[in-house]
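**Student:** One letter stands for each residue in the lines below.
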Amino acid sequence: MDEVTLYHWEPNANSGKPMLALMEKGVPFTSHYIDMLQFDQHKPEYLAINPQGTIPAMTHSADGQKRVLTESTAIMEYVNDRFAGPDLMPADAQDRWRVRWWMKFMDQWLGPSFSMIGWSVFVGPMVRQRDPAELDAAIERIPLPERRVAWRKAISGDFSAAEMAESRRRVSLGIARLEEELGKRPYVGSNQYTLADINIFNSTYSLPLSQPDLAGKDKTPNIMRWLKRVYTRDAVKKTWAMGKTDLANRYGLIMAEIEG
Amino acid sequence: MSAILYHGEPNGASLTVLAALAESGLAIECRHIDLLGGERHAIAGIADPVARDLGIEGEGPVLVAGGEAMTESVFLAQYFDEAAGGAGLQPADAHARWEMMMWCRQITERLSPAAALLGNMANAQEAIAAIPDDTFAALTASIVSDDLRERWQALHDGVIDAAQIADSEAKVAAAVDRCEKQLGDGREWLMGTFSIADLVTWSWLAGMQPLQPAAFADAPLTQAWIVRTGARPSVQAALARATVPDPLRAWAPGPEINRWG
Ligand SMILES: N[C@@H](CCC(=O)N[C@@H](CS)C(=O)NCC(=O)O)C(=O)O
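Top line first, the protein sequences correspond to chains A and B.
End of the first sequence sits at 347 in our numbering; the numbers just go up one at a time, nothing left out.
End of the second sequence sits at 262 in our numbering; the numbers just go up one at a time, nothing left out.
Treat the hints with caution; some may be incorrect.
Interface residues of chain B toward chain A, partial, derived using beta-carbon atoms under 8 Å [said to hold, decoys possible]: (1) C31; (2) I57; (3) Q79; (4) W99; (5) P133; (6) F137; (7) A139.
From chain A, some residues computed to sit far from chain B (all C-beta separations above 12 Å) [to be verified]: (8) T157; (9) A161; (10) I162; (11) S202; (12) P212; (13) V214; (14) E221; (15) E227; (16) Y280; (17) K331; (18) G339; (19) A343.
These aren't lab readings, by the way, just hints derived from the structure by calculation.
It should be emphasised that the depicted structure is a prediction, and the values quoted were computed from it without experimental measurement.
For glycine and all other residues, C-beta sits at the position ideal for the given N, C-alpha and C.
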């Protein structure tokens, strides 16, 4: 029997990608919640699964073999290839190329800018008030050196004005290009719901709330139409019901905003 | 298929795509462009330029198909493989395919920017710095992406910080280490069977051998794999498109170095 276990945080950004892909495919999985704000991802139990100390990770046992998979976008592709259920990649080769292009654009260009802003306004303030010695020890346990730097910056609010400005530039440009893309086609990169929609939705679902100057009914009608189409999918509702923090509450607010 | 592949000298991203095209057997017209002359930003007949303008690979090749600019060497290689109905460049098993995509992502995220920086510093920086100011201003004005334009500017001004060079050298050495481990069980190709992973890795690593010989000194399996991959007819066909004597020394501004984790 196939056994899938997913190690994830909130249905958001990278964690949300395999959650949504598994839900869309109808693959049952054991959920293992990793509390990112408690640094669960750097604890020995989790490092035994993913030594990089980043989430998500997935294990899949089948045919007497247990495999560990990491990298959220690549996990989604595996889930889509390996399991029955609706195909989350288009059939046409140029559409497939476009889906992959948009995922890379999000994963490696736009996404890091969203997360820099998210870490400075949300993640940093959430953990900052804890005991400094305890935080120091937590940071020392992070395996990736570049992540140690990132966490230190988030906690001390040390992002430079120049890097924040560059992140804001990218977010603004990325939203404008996404708006154009969704004027060409109903979904990102193709005419059907694919991994690119899952990927990009996970980082843009809250735009009308978090970036009201850049996104909303008047400024980005195509994005708003697309968000509504994605919001109403069963797999999205089921996945969001797995959220444990205040983010889940935000989903409701955005839903109201979109439907209103 | 009415598509045209615009490519630079066969090295880095252009080399991957030219070799993948040869492996696929598709008949697509190839046109050489002068990347250091800024020709990538002046290709005619593009109705939909977003992937050319916001691609993150830097001065990589551009496939124009149905008026749409298509970029990113790994995805173009997959596109050729799939458009040809499966040319054997991607493993059939889902897990092996996941491993290949992971490998390619790590190569393009870590090795490519590092190799591009070192390659440009050694072989292109002088030429870029020598571009007369008015020509350079016109060239950079045609680049849509602010961050790509900044990478050109940094090479033009010769302001590359020493920490970035050291980091890039470490990343090249780390990539060689990974290859050596991967080949440790005596396999012929990185994923077991030949795949896009071999093409992508070779395209960024082969030109590093003369620049960073120490990184390869204790890596006999990697050295043998470099010879083996370089001898493939598809790689030979790609290299034969060179218009310069040593294409592995031909570089142009490449992918950006990760700015966040
Ligand atoms: N490229 C990886 C990145 C994974 C990643 O960075 N995840 C974030 C959460 S969205 C994380 O683990 N952050 C916590 C940390 O670095 O400590 C992927 O797509 O899976």
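**Student:** For each hint, tell me whether it holds in the structure or not.
**Tutor:** Quick rundown of the hints versus the structure:
A hinted interface residue such as C31 (chain B) counts as satisfied when its beta carbon comes closer than 8 Å to some beta carbon of chain A; here the least separation is about 18 Å, so the hint is violated. A least Cβ separation of about 5 Å between I57 (chain B) and chain A falls short of the 8 Å threshold, and the interface hint therefore holds. For Q79 (chain B), the interface hint holds, since its Cβ comes within 8 Å of a Cβ in chain A; the closest pair sits about 7 Å apart. Of the supplied interface hints, the one on W99 (chain B) holds, with its beta-carbon coming within about 4 Å of a beta-carbon of chain A, less than 8 Å.
The restraint placing P133 (chain B) at the interface with chain A is violated, with a minimum CB-CB distance near 29 Å, outside the 8 Å limit. A hinted interface residue such as F137 (chain B) counts as satisfied when its beta carbon comes closer than 8 Å to some beta carbon of chain A; here the least separation is about 23 Å, so the hint is violated. For the restraint placing A139 (chain B) at the interface with chain A, the shortest Cβ-Cβ distance is roughly 23 Å, beyond the 8 Å limit, so the hint is violated. A cut-off of 12 Å between C-beta atoms contradicts the statement that T157 (chain A) is not in contact with chain B; the least separation is 7 Å.
Interface exclusion of A161 (chain A) from chain B breaks down, the closest Cβ pair being 5 Å apart, not more than 12 Å. Separation of I162 (chain A) from chain B is inadequate, the least Cβ-Cβ distance of about 7 Å not exceeding the 12 Å criterion. Not every beta carbon of chain B lies more than 12 Å from that of S202 (chain A), the smallest distance being close to 7 Å; the non-interface claim is violated. Every CB of chain B is more than 12 Å from the CB of P212 (chain A) (nearest about 18 Å), matching its label as outside the interface.
Its beta-carbon lying about 16 Å from the closest one in chain B, V214 (chain A) satisfies the requirement of being farther than 12 Å from that chain. Every C-beta of chain B lies more than 12 Å from that of E221 (chain A), the closest at about 22 Å, which supports listing it as non-interface. Distance check on E227 (chain A): its Cβ is at least 17 Å (rounded) from any Cβ of chain B, clearing the 12 Å threshold; non-interface status holds. At roughly 20 Å, the least C-beta separation between Y280 (chain A) and chain B is larger than 12 Å, which holds for a residue marked as non-interface.
The beta carbon of K331 (chain A) sits about 24 Å from the closest Cβ of chain B, which is more than 12 Å, so the claim that it is off the interface holds. No Cβ of chain B approaches the Cβ of G339 (chain A) within 12 Å, the least distance being about 30 Å, so the stated non-interface status holds. With 12 Å as the threshold on Cβ separation, the claim that A343 (chain A) sits away from chain B holds: the shortest Cβ distance comes to roughly 32 Å.
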